[in-house]
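Keeping their order, the protein sequence lines are chains A and B. FYI, in UniProt numbering the residues of the first sequence are 1 to 443. FYI, in UniProt numbering the residues of the second sequence are 1 to 435.
Check each hint, because a few of them may be wrong.
To be verified - Simulated restraints, written as ranges between beta carbons of each label pair: (1) P133(B) / E281(A): 34 to 44 angstroms; (2) E281(A) / R91(B): 33 to 43 angstroms; (3) K164(A) / Q423(B): 25 to 35 angstroms; (4) G292(A) / G203(B): 25 to 35 angstroms; (5) R188(B) / K257(A): 47 to 57 angstroms; (6) A252(B) / E302(A): 32 to 42 angstroms; (7) A185(B) / K257(A): 52 to 62 angstroms; (8) S187(B) / E281(A): 32 to 42 angstroms.
Claimed, not checked - Stretch by stretch, here's where chain A covers chain B in the computed footprint (C-beta under 8 angstroms, at least three residues): (9) 213-220; (10) 403-414.
Don't read these hints as lab results, they were simulated from the structure. No residue lacks a Cβ here, since even glycine has one placed at the ideal position from N, Cα and C.
Below, each chain spelled out in residue letters.
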Amino acid sequence: MSRTIDAVVSPTQTNTIPADISGQMLDLDEDDDLEVFSKDLTLADGNMFNASMPTSPGSMVNQCKFEEDEESDSKDIFITVDNPESHVTAIETFITYRVLTKTTRSEFDNSEYEVRRRYQDFLWLKGKLEDAHSTLIVHPLPEKFVVKGMVERFNGDFIETRRKALHKFLNRVADHPILSCSEDFKVFLSAQAWELTTYKKQGPGFLSRMGETVRAVANSVRGVKNRPEEFTAIQEYVEDFSNKIGSLDKVTQRIVKEQKEYLEELKEYGPTYTLWSGSEEELAEQLKGVAGCIERCCKETEEQVGHLSDTLVPVLHEYVLCAETLKAVLRRRDNIQAEFEAKNEALATKKVDRDAESSDLGFVWGSLLGKNPEEARHQRQERLDGEIEELKEEIDKLEDRVEWANNALKGDWGRWQRSMRGDLKSAFLSTAEKNVDYYEKKR
Amino acid sequence: MMADSGPKEVAVIGNTELTSAELDNNIINTMVEIEKGTSLLRKMEISVAEAEKRTGKNTVNMQEIYTVYLIETRPVDALTEGITPDSLWRRYSEFELLRNYLLVTYPFVVVAPLPEKRAEIVWHKLSADNMDPDFVERRRVGLENFLHRVASHPVLCNDNIFYIFLTEDKDWKEMVYETGFQAKADSRLKAVNAAFRVKNPDGRFTELKHYSDELQTVLSQLLRVRARVADRLYGVYKVHGNYGRVFSEWSAIEKEMGDGLQSAGHHMDAYAASVDDILEEEEHYADQLKEYLFYTDALRAVCRKHELTQFELEMVALDLACKKQQKEELVTGTVRTFSLKGMTSKLFGQETAEQREAKLQVLEQQLKEGEEAVKEKNTETDEFVKTAWVDIERFKDQKDRDLKEALISYAVMQISMCKKGIQVWTNAKECFNKM
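Chain B on its own, in the form it takes in the complex:
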């Protein structure tokens, strides 16, 4: 599941507007750079090697059991093949912290999701138990995948906090908090508010939001049904195991048919046992789908951010328009809209010329600031749209590729399952023929 490390470009974070020519230029530059190996994944081997249980006291000072994962890193270099990797232990909550940091710091990036915190959408063999070894194992793979995705992302891989996450054991948490990212986080309320009141969001983002909603619905339904199908299939196979048992018992009392029955029984047992492997492999497919299910959240986050910036822009522009109008009123002396000033002046008499002049000055200043603000917001919004869209395109390509691959390997899996089935039954048939 190594993501392709050939991204389109590295988005420049800053206040410069990028023209399309410059964008292309950047692409060329980064291509060159990538060949030199800027993508972290090229430079480093990252793996989540093991998982262990630890006990310790949690925040409310109660004993708890939790799992930690060993992260190993090693520079990719022909010369260092033999060197033992650096390693450190991290628990799931630290991964979460890292991801939240990335989400806030790079709101225009579709950040890869983490594997499930708790086991959901399971089929009957797997209990919803976080300590279950199979679940822990799948989570380990999921975490490794997450790290690979981040490390191969053109923007995210350069982040320092990420790098330290991988390499420095102590004080990482403090460092993260020091970045003050939590303050930068947009409140949920603000975002929802913006989503409702925004007037002119970029159409593409609206579409994207719809798509991610659809995808989420479809995928969760698909995963649920798949789990039920797997359950049933398991049942079918296992009942055939009963055949094996009865055949063996029966072969004991038969003379001519005995041998044939016995071997047929063995084949039935093998058939019943084979379902475990089959379903294990299918879980892998399910995990791939789940990753994209969770990706929809990240997509929606980007859309929300866009709506927010757009909304803020609109607010600022509105504010500016308001101020302009006020100035006009002041200058021309007409009161077109109701205002407290108007009322008070009516009630308490007109202002003096100096007062008006003073007000005008203030307004002029505000207007200037307002225009600056609008310009700023404008560029911010544009910038966001551009960089976000770049990343979204990247994501789309990645998704198409990954899912195509997943579907193909699923098909291959099914074929091999059928081939095994054919083999078992052919053997059984021979045994029966010999009876």
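Same shape as in the complex, but just chain A:
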């Protein structure tokens, strides 16, 4: 199996890869490979992603025009988001980020692209992806701005957090076998600023989007009658999950707050020992030692708080957003199903109509126009049947897609979260360990 990327670290696995893999998307043994590779380039995101797609419909894979060679390879596209810069125009000030892409995919003309994008561009991309694949799960974007207000937009920390989230977003899209094939995605990565603006203007206008929204609302009002069991289960799960994640988010923020207050007090604690050592002779040494240790504790606690804020809080937050996304996806799925059901009802009525021998306006009309009644009826039947068949197909396809996407993401979640948590815990541990060392020095 040839690899199209040079900088490969030799895999740690020992199993041989079966020769007939070309038809299949991925192999579980690739995990080690992916992991090692990704770590090198600090794009740790899609590690386990591929492993969790057991039953991917082969047809969908082919849609993405993957070359056979690339199937067994690890990532063939690398994206980084960095270097935020502030731009001032007459109307507004905004931040752009540099998006760097390196790829070997054939659909891209070059192998490297460097463009600058602003948050609105990301929003646009997300919107397009969701429109095109309304039942797939698109990773959430960071929020528009922090609650505190306009000023916060240009705060250093906020920008950094957003940058990281944007980076993650693009990489997730890149990892997704369907989404990454999107034309919009490609344009986003490669077009120059003015090209992008032009491109954006194409596409369904405002009115057609309105129409879609109206339909969606109408469908949701109508409701779903026979939602399949599994989706109900997923719905419930998502509800609960969203609750839990929300709680965890709150708890973590509370912990950060408490830690900060603890730190405040601790900062005052150390100096009192120093003060005391001034009055003592014999005990001065020990007291100074204690003061020193407390100061080191302060530093460690500060680090810990920082780490929590940087790592756990954003992740939890992301998943809160994910939960929201999931809910939206489910809703859309429901809408589709509602449409399906509506159409089915229409189908039923039409069938009835068709089978009815009774005179009806269309029939009469047809005869007036000189058509053969039988023919007219048949034509209509065919037309109706055709419509119905189309609809059915579409809906089935959609449902399949939903299910697949859902499972994929869930598996991905679980493991990713785990590794994130693992990181967090080791941070805690290292903090505690350092504490221990320093305290031992007290003796």
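Add chain B to chain A, keeping to what the hints say.
Structure of chain B alone, referenced to chain A:
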């Protein structure tokens, strides 16, 4: 918290001046005696075993609830191990009375402090409630500590009133009052007055006073901040308990992650719960510091007494100088300073020779008495300084030792807290890895 029962010497209370040679001798003698077990603590096991609530009528004939403490004593002897100890009940006010008696009777001794009457400098878990069981328990320990300190003090342990406090139930109060110690107590006003007007206090005492002021300030600040830190730490730990709850709830809806989450949740709960023990232990450390905080009062009392005796000495000496001058005037007939006598004699004529002679005689007598008084006061002051300084040295050693130990055990405590933390998080990490 048993104080070391190897004191430097037993101060002899009396009017004899001790030369340094004699002091050394005393040390040797008392060392020998101690080996025989004169320190009360060696002879007796003392413990404050229990606390109980009682109701009764107080001095204004109102019902009140108060706590009494059971004092148990038993001679330390291999043969009497199995014998049940003697016991009696005492309430806090009786301890106070005992201490006041000791303060007055042995003003040169740095008398150990009693535990707090009311709960101050607490952190949020403990309300300032005298009836709170934790507070009562800590007070019980404090009272026991007090008794041990007194019983192992080379001077105080021999006091009869103390002994009776421990052993006789009835009439102890009357006995204390009979000693008339209250009359001996120096009025506060006198002491403050002396503190201002004394001219030549021993430099060491002045230093000591400053030190005890500093120590008091530092310790009270330290204890306050520590209480706030403990409060915050408590908060941090307890919020982690919320993690435990949410994790459990969450694990119910997860399949692969369920087990991992569940166990992680348990660890979080354990972590949150562990803070109670940790802070309980820290209270012990705080109590040790508090004892020394309260000791500063005793230190200052000794300094005050010194200032008082020094002042009295100075007064007496001044008085003597005055009288000498008067005599001189009388003898030489010159009036160098304004005096009523001088004026009246000017106005009403000179005195007769006999009158003068009579006055001289009186003055001579007064002079003799004065000189005696000065000598007495001198020895009193010197004596006080010596004995007090001995006890202060003893106290300093005790303080250094105790505080060193307290700091070390505090450090050990913190280490074990960290170790527990490590354990919990390591376990949690494993659980997370299994998810």
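Consistency of the hints with the structure:
{"no.": "1", "hint": "P133(B) / E281(A): 34 to 44 angstroms", "result": "holds, 40 angstroms"}
{"no.": "2", "hint": "E281(A) / R91(B): 33 to 43 angstroms", "result": "holds, 40 angstroms"}
{"no.": "3", "hint": "K164(A) / Q423(B): 25 to 35 angstroms", "result": "holds, 32 angstroms"}
{"no.": "4", "hint": "G292(A) / G203(B): 25 to 35 angstroms", "result": "holds, 33 angstroms"}
{"no.": "5", "hint": "R188(B) / K257(A): 47 to 57 angstroms", "result": "holds, 49 angstroms"}
{"no.": "6", "hint": "A252(B) / E302(A): 32 to 42 angstroms", "result": "holds, 36 angstroms"}
{"no.": "7", "hint": "A185(B) / K257(A): 52 to 62 angstroms", "result": "holds, 54 angstroms"}
{"no.": "8", "hint": "S187(B) / E281(A): 32 to 42 angstroms", "result": "holds, 35 angstroms"}
{"no.": "9", "hint": "213-220", "result": "holds (count 4)"}
{"no.": "10", "hint": "403-414", "result": "holds (count 7)"}
Of the hints listed earlier, there is not a single one the structure fails to meet.
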